[in-house]
Structures are given as structure tokens and as C-alpha cells.
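Below, each chain spelled out in residue letters.
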Amino acid sequence: MPRALLSRALPGSVEETLALLQAGDYVADRALATALFLALKLNRPLFLEGEAGVGKTEVAKVLAGTLGRRLLRLQCYEGLDIASAVYEWNYPRQMIAIRLAEAAGDRDRAALEKDIFARDFLIERPVLQALEPRPEGPPVLLIDELDRADEPFEAFLLEVLSDWQVTVPELGTIRAEEPPLVILTSNRTREIHDALKRRCFYAWVDYPGAARELEILRRKAPGAPERLAAEVVGFVQALRRQDLFKLPGVAETLDWAQALVQLDKLELSPETINDTLGTLLKYQDDIARIQGSEAARILTQVRTELATARLGQEGA
Amino acid sequence: MTAPSRLLDNLVHFGRALRAAGLPVGPGQVLRAVEAVEAVGLGDRRDFYWTLHAVFVTRRDQRELFDQAFHLFWRNPQILERMLDLLLPTVRAELQPQGPDLSRRVADAFGRPDAGESPRDAAEEVTIDATLTFSAEERLQTLDFEKMTAAEVAAAKQAIARMRLSLPEVRTRRSEPARAGRRADLRATLRRSLRTGGALVEIARRRPRTRHPPLVVLCDISGSMGQYSRMLLHFLHAVTNDRDRVHCFLFGTRLSNITRHLRTRDVDLALEKVGRTVQDWSGGTRIGQCLHEFNRVWSRRVLGQGALVLLITDGLDRDAAEGLSAEMERLHRSCRRLIWLNPLLRWEGFAPKASGVRAMLPHVDDFRPVHNLRSLSQLAAVLAPAGPRRAPGMERWLGDTARTEAA
Numbered sequence: 001m002p003r004a005l006l007s008r009a010l011p012g013s014v015e016e017t018l019a020l021l022q023a024g025d026y027v028a029d030r031a032l033a034t035a036l037f038l039a040l041k042l043n044r045p046l047f048l049e050g051e052a053g054v055g056k057t058e059v060a061k062v063l064a065g066t067l068g069r070r071l072l073r074l075q076c077y078e079g080l081d082i083a084s085a086v087y088e089w090n091y092p093r094q095m096i097a098i099r100l101a102e103a104a105g106d107r108d109r110a111a112l113e114k115d116i117f118a119r120d121f122l123i124e125r126p127v128l129q130a131l132e133p134r135p136e137g138p139p140v141l142l143i144d145e146l147d148r149a150d151e152p153f154e155a156f157l158l159e160v161l162s163d164w165q166v167t168v169p170e171l172g173t174i175r176a177e178e179p180p181l182v183i184l185t186s187n188r189t190r191e192i193h194d195a196l197k198r199r200c201f202y203a204w205v206d207y208p209g210a211a212r213e214l215e216i217l218r219r220k221a222p223g224a225p226e227r228l229a230a231e232v233v234g235f236v237q238a239l240r241r242q243d244l245f246k247l248p249g250v251a252e253t254l255d256w257a258q259a260l261v262q263l264d265k266l267e268l269s270p271e272t273i274n275d276t277l278g279t280l281l282k283y284q285d286d287i288a289r290i291q292g293s294e295a296a297r298i299l300t301q302v303r304t305e306l307a308t309a310r311l312g313q314e315g316a
Numbered sequence: 001m002t003a004p005s006r007l008l009d010n011l012v013h014f015g016r017a018l019r020a021a022g023l024p025v026g027p028g029q030v031l032r033a034v035e036a037v038e039a040v041g042l043g044d045r046r047d048f049y050w051t052l053h054a055v056f057v058t059r060r061d062q063r064e065l066f067d068q069a070f071h072l073f074w075r076n077p078q079i080l081e082r083m084l085d086l087l088l089p090t091v092r093a094e095l096q097p098q099g100p101d102l103s104r105r106v107a108d109a110f111g112r113p114d115a116g117e118s119p120r121d122a123a124e125e126v127t128i129d130a131t132l133t134f135s136a137e138e139r140l141q142t143l144d145f146e147k148m149t150a151a152e153v154a155a156a157k158q159a160i161a162r163m164r165l166s167l168p169e170v171r172t173r174r175s176e177p178a179r180a181g182r183r184a185d186l187r188a189t190l191r192r193s194l195r196t197g198g199a200l201v202e203i204a205r206r207r208p209r210t211r212h213p214p215l216v217v218l219c220d221i222s223g224s225m226g227q228y229s230r231m232l233l234h235f236l237h238a239v240t241n242d243r244d245r246v247h248c249f250l251f252g253t254r255l256s257n258i259t260r261h262l263r264t265r266d267v268d269l270a271l272e273k274v275g276r277t278v279q280d281w282s283g284g285t286r287i288g289q290c291l292h293e294f295n296r297v298w299s300r301r302v303l304g305q306g307a308l309v310l311l312i313t314d315g316l317d318r319d320a321a322e323g324l325s326a327e328m329e330r331l332h333r334s335c336r337r338l339i340w341l342n343p344l345l346r347w348e349g350f351a352p353k354a355s356g357v358r359a360m361l362p363h364v365d366d367f368r369p370v371h372n373l374r375s376l377s378q379l380a381a382v383l384a385p386a387g388p389r390r391a392p393g394m395e396r397w398l399g400d401t402a403r404t405e406a407a
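Going down the list, the protein sequences come from chains H and X.
Under our numbering, the first residue of the first sequence carries the number 1, and numbering increases by one thereafter.
Under our numbering, the first residue of the second sequence carries the number 1, and numbering increases by one thereafter.
Chain X on its own, in the form it takes in the complex (with noise of 0.2 Å):
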């Protein structure tokens, strides 16, 4: 009776590796793949490959991660052979990562931190080190993006990707059916009364249907924004997946639509598509050419439906601001509300006197850091409710971009 008991272990250590590799794997699985394979049959490598991928695999992206993840774990040909006689130490021995193509998260899910743990100590750690204290989360949401270290990084990562944004809920022309709804349904009035004979009943009712506004978000991933922009990717990413009608730009020198990228459900895969695709990171910024593209060529298509825009940028223009002011002014009108998120506003004494910055102050609705967990998590506080269009906070940037004109 033991040979299947390691079995079983070893099938519930490949589940939680899946897990710490990101894969949403519960205990219901790690059974039903015991029994999958229990009626498959350990014969064939193929076969139990297609068994294990056909349990754990629920979507398509995840598909590259479950190959890597298989192949690290069962990597030794005769494993099914050994995996009877074997003990667990064995088979860990096998999963040192090798080779440059293998996603980094597998390989951490395997047991990188020490060689001398099992592949139940390594999957054990990963998942104590993303549940942090609470002091240390504490900590975490204040510390400045670029001054984290490569846990910390990793930590923010996971807690931007739970991350929810909340959007103001607009109005629509559908309906749907409501007890307190102001206007009659008489189609279900109707039907309502035919139930009694004809005699007419209650009035059903119904009311407008609201629905979130497009969201635009426009990200800059010049020099000057570097550490700052990894993780914000990370923020796209958990945003575009967490809702319909979401587009992402970046822009440095050239402005590129990454939208159908980040909808890639896998975080890493996204970001490698991304990263494929946009040729300007870490360059330069030409903010006013940049706006000049995207109004011309995608405000009408991405705006139409009164976006709200975040803009993200530090607002260092490498064209001094030519012809910024007056895209921004352009942008400004087509959208319904236009928000600024700029780092560099964690410093006590930021003033707004880049002429980059002098250019497009006048044209937004507001103006927040972010630079921070906190920062990113204040945003759905800031988006929720649906009030005054331009942010009560904004007269002292206009009053301090007046008085550096001035000066």
C-alpha cells in the first residue's frame, strides 16, 4: 500500500508547486487528478502528461506554465518507474532549474532559495513569504517603488495584482428590472396579469442600467521613470483583466498601443509580449509628439464613449513642451475626466516648473503621486465617486504654475 501513497504525495507536491507558480490549484484537484490517474494508468509519459494537464489546466495561458512546471517536476524519463520505489529527496534533486527560457515564477516555485530543502520546504516558503505580516504589509504600501528590494518588489507585485479599481457607474439607455424602478415594464405587467385571468396587478418595474466608462490609460516608460514603470505594467496588467473596456498606451519617444497584450491573463507572459513589442524603453520622452498620435490616431476610436484617462508620466519632455499645451487641451476636452499620476510628487518640495510640467498642469483634473502602493490603492478612492469634474485640490498646482510663469 505504499506505492500509491507516493504517488499521492508526489501528485499533491506537483499541485502546490503549480500553485506557488501561480496556477489556481485547490485540493479537489490535486484528487480528481489521483483519480484521473488512477484510471489512466502510469503506463505512458504522454498519457499521464495529458491526464495531469487536462485536471490542472483551465485556460489556455496557463498552458506554457503547467509545460514548464511538468517537465521540472517529472523530469527524469524513468520517473514513473522510480517514483515507486523512490523517496521524495529524489525526485527534488531533479528540479534544480537549468536553462535560461524557464519562467522565472517556476523556477522560484521550485525550491531556488537553498538546494539542500525539499520541494515541500521550497513551496512552503514561496507561500509564506507572499502572506506577509501585517507590519510588513504596512510597510510595504508606503515604501517608494524604486527603493525596494527584489522580495519586496515581488511582494508589491502580488498585492498590485489583487488590486481593484472602482470606476464611477454611469448611466445607460438599457434597463433592467427593479422593484423601486421609476419607469413601468409592460411587457412583464403583461405577463404578470395573464397569470390572474387579465385582471391587471402590480405594475412591474424597471429602471437604467449603469456601467462603468471606458477607462484610457496612458503610461510613460521613458529613463526617468524606469523602476517606477516595471511595477505599473504590473498595475495595467491586474487592471485591464479585472474589467471590459480598458485601454493601455505607452509612450516614450513613440506611443504604442499594448491593450491585446495585457489581456493575456498570465501576468509574465503579458509582460514579455510587451516588452517584444515596444521598442522605445528607457529612452527619451516627447510627451507633446506622443499626444499628437494618439489624439490623431486613437482618441475617436478609444474616447468615444466619455473615457476617463489616466495619464502617467513625470512630465520631463525631452521637446521642452512644444506644442504639448495644446494637445493636452485637446485630449483634455475629448475625455471625461483627464488624471495626472506623476511620481515625483512624493517629495515635499515638488514645484511645478519643468515647462513640460507648466504645459500640461492647466489641462487636468487632477494631480496625484504615484509612487507607492498606497498611491495606486488611493486611485480607486479618487475614481469612485462621480463629482466635480476638476479635483478641489487643483487650484494650488494652477496657483503655483501662475507664480513660477511669474518669476
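Bound conformation, chain H alone (with noise of 0.2 Å):
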């Protein structure tokens, strides 16, 4: 039976929450598990805030997946309204309801309102399907990038996320029985009200250090050679000490490693790294800047710095 639809129960301990991320195949820090953990237990939205590309969606992924819920996702964007937030009416539906009580002659114009807007004629968007009761219990309800949406949603989002309730006014407050599991995201491209982060658990997810880089590499990238993972997370690692205008995420050395493995490369050479800089660098500037001689001085470095280390355990 596939893993994802098997439900499991909630972590008890921080420990537990490292290893069902880990179940996920996610490699978390202590620092995030806490704060999930804490989320968790209390029943509160955790906020997520780092670069992007450090694996901040993939935390509402994998818990969705691991806890067997179902995922909810909303991808904020500038002008993101409740229509496509959290509800919106079924407008040809209604208008056939009342053309058909036209037809039977039915001129009850009260009776009429009532059942047009019923809740039958309701479409549900992410937000309001959160607060939804499910057989396998509440979902995780992602809200990505919310720094794109732009401040009046953020205030709307107050309410749901302390009440747990949603106000349609045709219908009057609809609320959680249990609330759903909220992960909020941000890129900060720009500051997030106070008030939100309140009432929010926070987590800064930054760049894994080498050996979780590794790590994650060796589950999410099996077939990459040893040498080869090991060697693109020196060189991805010495790339983040410089002076960048983006730095490579964690997204980017996956992509990297993959595009590595399919060239059948078993380890770097400063050829490969000139061919392939554009799956790690993304802006202009940076790719000049790094290609050619500073791209060789860096894998010098990095192979340096490898065979000191393989020296160190031999000794050892």
C-alpha cells in the first residue's frame, strides 16, 4: 500500500517530527521540527520565511503526505480575492434554479432567496474546503507566498487563522470543528504585518549546511555517485560564501545533480561546470561571473578540501 494514503497520528515529541519528516523524505533541522511540532501540538499556522528554493513548500508536501491529509493549496498572488480564496457562488446554477421556479409559477420571491443561496450552490475554494470535517482528519492547508498577495487579504486571513471561521454573508459563519493544519510560506519580498505573524509559529529555513546538503542529495537524487554528490555539494557550498546576486537553493543543487547524472558525468570538471551553470545561477551577472577561471579556482578548492577530509577519517 502506497505510504501516502496510510493516515498516521500526530507526532507527540519534537523527535517524532524529525522522523516523520525524515518518513517524507525530508531532511529537516532541529530549529524547523520545533516549530512544527509546536504548530502542531497547539493548533496554530506555522510561517515559513526564507529564499527561495529552500524547501519551505515542500514542508506542507511532505506533511500532508506522511500524515496521510489531504493538501490544500494557495497560491497567493497580487489582487487575490475571497472569490478565489475562499468562496464563490455558482452563478449558472442559481440562475437555472430560478428560471425553473419561474417555470413552475413559483413567485415566492423569499422562499426563493433562501434557496438560491443555500449552501448547495456554493463553490468551495482552498480556503473554506480547510475548514471542511474529514473522515481522515483535518487537511493541511498551504497558503505559498504570501507576500504576493497584498495586505488586504492579509488582514482578511486574521480571522481564519485565530477563529477558524469563515463569514459568508448570505449564509452566516462557517467553522472548524477541527481546525486544519496551516502552513503559511514567504519569500519576503516584502515584510508580513506584525498582527499575522502573532498569531503564527515562525521558522527561518535557511541553506542546509554540507552535510545535510548531502544528505538530502543521497534521498532525493539516488543516483547520483558518491563522489560526484559529494563534490557538487562542495562546489554549491563554496558558491554560497560568494557574492551573489541570487544564491543557488537547495531546489538548485537538486536540479544540477540530476542534469549531472543524465550527462553521465561521475565527477566535475571545469567544462561540465561552464555547460551546466545555468540550471544553478540563474541571473546573467552571476553565471559571467563565476564561469571560466573562478568556476576551476572553486572545484580546485572544493577537491582540496575533499581529499583533507578523506584523509582525516583514514586516519582516523
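Simulated from the structure, these hints should not be mistaken for lab results.
The reader is advised that the hints may include incorrect statements.
Here are the simulated lysine to aspartate or glutamate pairs, DMTMM-like style, with alpha carbons at most 25 Å apart [said to hold, decoys possible]: (1) 273/X x 194/H; (2) 246/H x 293/X; (3) 114/H x 185/X.
With the hints in hand, could you dock these two chains into one complex?
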């Protein structure tokens, strides 16, 4: 049976949270696991901030997968409104209902109004769906890249996230029996208001260290030879110490490793790096800066470091 | 019956003094103050303070000004008793500004001009000063910030505080009801049709809402910009408080984000906070270095939604324009429009000779002077239309750069 269908109990400790994420092939650090544990335990949203490509969205996906819950994803954008985030009325159906009432000679206005603004005519969008009870337990609601939505939407979320309820003027207030597991992410293209942050547990997702990144690579790109993986991680780590406009994230590391596997490379070479640098760096200025001699220099340095580490291991 | 009328007089004067100090106090508030004081009574000084506070102060950041004004005006502890039998000049005698921590504006409001005048005259004089005759205003418009007298600076600051900047509106994905909108608003239509019992009537419509894009100001505060940066800060304060989504940065040898400080409504408190935060006043300029920092740390956070950028600098760079061109290019590509305001442009014979200027010019969409009130108010005209990205006059400057390059 696929693991995703297996509904699991919520973790009871930070250790169990770490293990849960591990089970979903997510290598988390303790800070993140602690924040996630608290959010799950105390029924509060988890607010994840960090650079693009460090695995914020992945947390929600893994959580839904390992807990066997449904994942509801709300991608934010400028101008996101209630109609696309929470609910919308099904106008065609309402109109048909009106015509049918007309055809039947039904002229009772109050009754008609009551009928066509009933729950059956409501189209539920992610936020409202998240408040619905489900047999496998409350769903995981991912509100992705909240910084892209504008302030009015953020203010609207305050009601949802603290009281787990939504008000539909025609219907009244809809309240969740069991609060959903909410994960919010932000790339910090603007600051999120304190009022919202105050209601959440906060975690800053950072670039992983070399050991953790290698672990992630082993899990997510198992086809990569050990030597190649070590060199890839070493190179990316060295790049993150450079003065670049956009540093490569974990997502880029994985892309790069997979690209190299596809090209049947067993180890890095200056030419390979130059040819595939585009999977790692996304700005022309950055590529121009690293390409050529700089890439070769970093590679030599990485090789030396790896060799010393290996010698150290053998000596010990 | 004489006693209450003197209290009334004093309250009126206090109200005028507060207004002169910059608090929005109208006659209605003075009347309410009289009522309130009568209701509370004159027994206790603390009660008196909080009564007036409750009436005159309407925002948190007005507190400090009110506090200073109150203690200055009603300084004498026995004033409440004496007020009943003393004439105004005696009260005035208490009002000589003392101590360095007194807000300059409060001191100004309380008759600094001449010790022999009553507070009524003093307050009036300030008012007259602020309302310039037409010709004086005209002169002020074209006067270089560098050559202004103290009084002119004060008047210019007032004019700046009244200034509004209109930005081009951009369409958003949100919509609002509109009679001639292009999209049908099905929800409103259905609601409307129900009123008539289900027969479909007129279709309600919506159109996209518009909104101004964010505005980001990068202002040079190095030594060569000295006289201008003070006036420009007043300008930045006015702009920041006029609208949302405005971000202000100052740079000299370092970059500082002063947006939060400028949000303080009171201009003097705001500038004092800025002064405390920013460490590199009137030092050298490292434009390239500062822009680099802006691009790395801030650009994605404040330029995200297609911002307009105002870059205010004379382009004189201490680092001999090292790396400046690349950083300008990056900045230019990250924003909707990049406008360079340069005070040096007031000179007739200005030519883009300095290496910093040459490195920056190819990457800006507009290049304009900023040295007097008129150039500041003209900014509104430049920003308002959503016309071409690069202003028509730019070729002239670019041509100049090329020529000096060849020479």
C-alpha cells in the first residue's frame, strides 16, 4: 500500500516530528522541527520564511503525505480576492434555479432567495475547504508565498487563522470543528504584518550545511554517484559564500545533480560546470562572474577540501 | 463675570499656540476645551493637563509637542489661581523659551521674535510669516535651497509639507463596481434580479481597480549634497505620509532604511529619529557600494511589485565609479522606472563629465534637476502619466556622455 494513503497520528515530540519528516524524505534541522511540532501540538499556523528554493513549500507537501491528510494549496498573487481564495457562488446554477422556479409559476420571493443562496450553490475554494471535516482528519492548508498577496488579503486571513471561521454574508458563519494544519510561506518580497505573524509560530528556513545537503541529495537524487554528489555539494556550498545576486537554493542543487546524472558524469570538471551552470545560477551577471577561471578555482579548492577530509577520516 | 472670560482668552491663546506649533487645532476644539475645563473644574493641575490633552491631542505622536507647549504656556504652578486675577502679559512673561531640549517649533510658536510682545502677537506673527504674499511665494519657488535664509527655509518646509505627489495608477487584479465596466458582476446581478422576483434585469458591472505602484527613494546625504538633503528629507517625509507603499533609503558611505522613522507623523520627531539612526551624514559617497547593498538586501523586498525609483544624488562618487555601472544596470532592470534627480543640473553648463555621472546616465529613464521648490513640484508632472519608460529628453544626455567618453 502506498505510504501516502496511510493516515498517521500527529507526532508527540520534536524527535517524532523529525522522524515524520525523514519518512517523507525531508531532512529538516531541529529548529524547523521544533516550530512544526509546536504548531501541530498547539493548533496554530506555522509561518515559514526563507530564500526561494530552500524547501518551504515542501514541508507542507511532506506533512500531508506522511500524515495521510489532504493537501489544499492556495497560491497567493497580487489581487487575490475572496472569490478565488474562499468561496464563490455558482451563478449558472443559481440562474437555472431561478428559471425553473419561474417556469413552475413559483412567485414566492423570500423562499426563492433562501433556496438559491443555500450551501448547494456555494463553490468552495481552498480556505473554505480547509474548514470542512474529513474522515482522515483535518487537511493541511498551504498558503504559499503570502508576500505576493496584498495587505487586504492578509487582514482577511486574521479571522480565519485565529478563529478558524469564515463569514459568508448570505449564509452566516462557517466554523471548523477541528482546525486544519496551516503552513504559510513567504519569500520576503515584502514584510508581512506583525498582527499576522503574532498568530503563528515562526521559523526561518536557511540554506542547509554541507552534511545535511549531502543527506538531502542522497535521498532525493539516489542515482548520483557518491563522488559526484560530494563534489556537487562542495561546489554549491562554496558558491553560497560568493558575492552573488541570487544564491543557489537546495532546489537548484537537486536540479544540477539530476542534470549531471542525465549527462552520465561521474565527477565535476571545469567544462561540465561551464556547460551546466545555468541550472544553478539564474542571473546572467552571476553566470558571467563564475564561468571559466573562477569555476575552476572553486573546483580545485573543493577537491582539496574533500581530499583532506578523506585523509582525516582514514587517519582516524 | 470677568474671570471666566479670561480663562476663555487663555484657552484661545493656548489653542493658537498649539496651532502655530503644528497641531491641527480649530475653534471647535477650543470651545470643547472650555466646556471640558468647566466640567472638570480648575482644582487640580494634573486634571487640567489631561483635560486639555483629551481635547487637543488626537494622535499619539502629537503628545510630545502638546506636553512641551502645555508646560511652557501654563508654567507657573499657581497659574490657575492667578489666572483669575492676572492679565495676559504676565502669563506671557513666563513663556520665554528655556533649555535646549525644547522643540524648536514650540519655541518659535511662543513669541521668540520679541520679548516685548504678548503671546497673541507672537502667534499671529508666525501665522503671517507662513502665509506668504503671492510674489514672495513666486520667489521662493525658484530660490535655490542652498541660498535660502532661515525664514525662507521655514516657508519652503511648509510648502513641501503641503506637496502631493501623483503617481501613475496601474491596474490590479481586484475589481470594483462601475456602471460602464467591462466585466459583468454576476453576484450583484443575481441579487438585483431577486428584487423583482427572479426576472433578469439590468446587468451589474465591474472594472479593474487601479492603484499606484510602490515608490522607492534613494537619497544621497554626503557632504556635497549637504544643503539639499535637509530640504529633501522634509520632502521625503511629506511623500511618505501622503500614501502607502513608499520606502526611503539614505546613503553616503552606508545605506540606511529610514522608512519606519519617516512614518512618524510629526516632521521634527521623524527627522530627529532619522538623525539618530543615520551615522554617515555629510561624509563621502560610495554610490556603487551602497547600490550593491540595496540590490542584494532590499531590491527584491521593496521593488517586488513594479516600483518607481527616485535616485537623488549629484553623482560625485568617492570610489571613482568602481562597479557603479553594473549596479545601476541591475537596479534599472529591477524597477518600473528609474528617475535620477540631480541638484547639479541647475547649472546651465552642466555636462556629464564626472566618471560617476557617466557610469550612471545610461541606466536611468529620466534625469532632472532638484534644487528648488518648483523642481520638486514639477516632479508630480513627470511621474503622473504612465507614458514611455524612457523620457524623451534623455538622448541629449546620453549623447553628451558619448562625446565626453570620446574626448
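To see whether the hints hold, each was checked on the structure:
no.: 1; hint: 273/X x 194/H; in the structure: holds, 22 Å
no.: 2; hint: 246/H x 293/X; in the structure: holds, 13 Å
no.: 3; hint: 114/H x 185/X; in the structure: holds, 20 Å
Every hint from the earlier list agrees with this structure, and none is contradicted.
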